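Taking the hints into account, I'd like the entire structure generated from these sequences.
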Amino acid sequence: MDNSKYILNEIGKGLQMGLDSISNITEKVDNQELKDDLLNQYAEYSSLLKRTNEEISHYSDVPEQLNPMQKAMGWVSIEMNTLADKSNSKIAEMMLKGTNMGIIEGVKLWNNNPDTTHEIKSILKDFIAFQEHTVEKLKKYL
Numbered sequence: 016m017d018n019s020k021y022i023l024n025e026i027g028k029g030l031q032m033g034l035d036s037i038s039n040i041t042e043k044v045d046n047q048e049l050k051d052d053l054l055n056q057y058a059e060y061s062s063l064l065k066r067t068n069e070e071i072s073h074y075s076d077v078p079e080q081l082n083p084m085q086k087a088m089g090w091v092s093i094e095m096n097t098l099a100d101k102s103n104s105k106i107a108e109m110m111l112k113g114t115n116m117g118i119i120e121g122v123k124l125w126n127n128n129p130d131t132t133h134e135i136k137s138i139l140k141d142f143i144a145f146q147e148h149t150v151e152k153l154k155k156y157l
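Counting from 16, one number per residue, gives the positions in the sequence shown under my numbering.
Hints are supplied without guarantee of correctness; some may be wrong.
[Unchecked claim] Straight-line Cα separation of at most 25 Å, BS3-like style, residue types lysine-lysine; simulated pairs:
hint, residue 1, residue 2
1, K101, K20
2, K28, K136
3, K154, K20
4, K65, K20
5, K112, K123
6, K140, K112
7, K123, K152
8, K152, K112
9, K105, K152
10, K28, K140
11, K140, K154
12, K43, K123
13, K154, K112
[Unchecked claim] Ranges between beta-carbon positions, derived for each pair:
hint, residue 1, residue 2, range
14, Y74, D100, 41 to 47 Å
15, S104, E69, 33 to 39 Å
16, K140, K112, 18 to 24 Å
17, D45, I119, 27 to 33 Å
18, L54, K136, 25 to 31 Å
If you're looking for bench data, these hints aren't it; they were derived computationally from the structure. Every value quoted in this text rests on a predicted model; they were computed, and no experiment measured them. Cβ atoms here follow ideal geometry from the backbone N, Cα and C, with glycine treated the same way.
Pasting the structure below:
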């Protein structure tokens, strides 16, 4: 069974969640270096999402969107977690948790779909690699 659309939609939803999280949290960041790192992460996620959406269009499909409840829960989580602590360490910790979840989901998709297309493997590989790189960058703020 071809899971191509499923894989692409899962990557896309993970990227959308990351973009929403970065959008919601960047306004709370005072440290310019951390803000720049988050904005660079946002730009790379946007680029990966564009690639993902272009690939899904080859399957005559429209990318799935996060449902409004998922978006709202992400926003509420950020608001609650930064209510008392907006430190670089707290923001980095929150972003690390989300990024690690993305790595886990990406690796599961990789391991469970060894026969997917070369292009989807390339997107998935870049998705995982960039998030692993991001984890290393965020560690310095803990």
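Hint by hint, here is what the structure shows:
no. : hint                    : result
1   : K101 x K20              : violated (38 Å)
2   : K28 x K136              : holds (17 Å)
3   : K154 x K20              : violated (33 Å)
4   : K65 x K20               : holds (15 Å)
5   : K112 x K123             : holds (17 Å)
6   : K140 x K112             : holds (20 Å)
7   : K123 x K152             : holds (23 Å)
8   : K152 x K112             : holds (13 Å)
9   : K105 x K152             : holds (15 Å)
10  : K28 x K140              : holds (16 Å)
11  : K140 x K154             : holds (22 Å)
12  : K43 x K123              : violated (32 Å)
13  : K154 x K112             : holds (11 Å)
14  : Y74 x D100: 41 to 47 Å  : holds (43 Å)
15  : S104 x E69: 33 to 39 Å  : holds (37 Å)
16  : K140 x K112: 18 to 24 Å : holds (22 Å)
17  : D45 x I119: 27 to 33 Å  : holds (30 Å)
18  : L54 x K136: 25 to 31 Å  : holds (28 Å)
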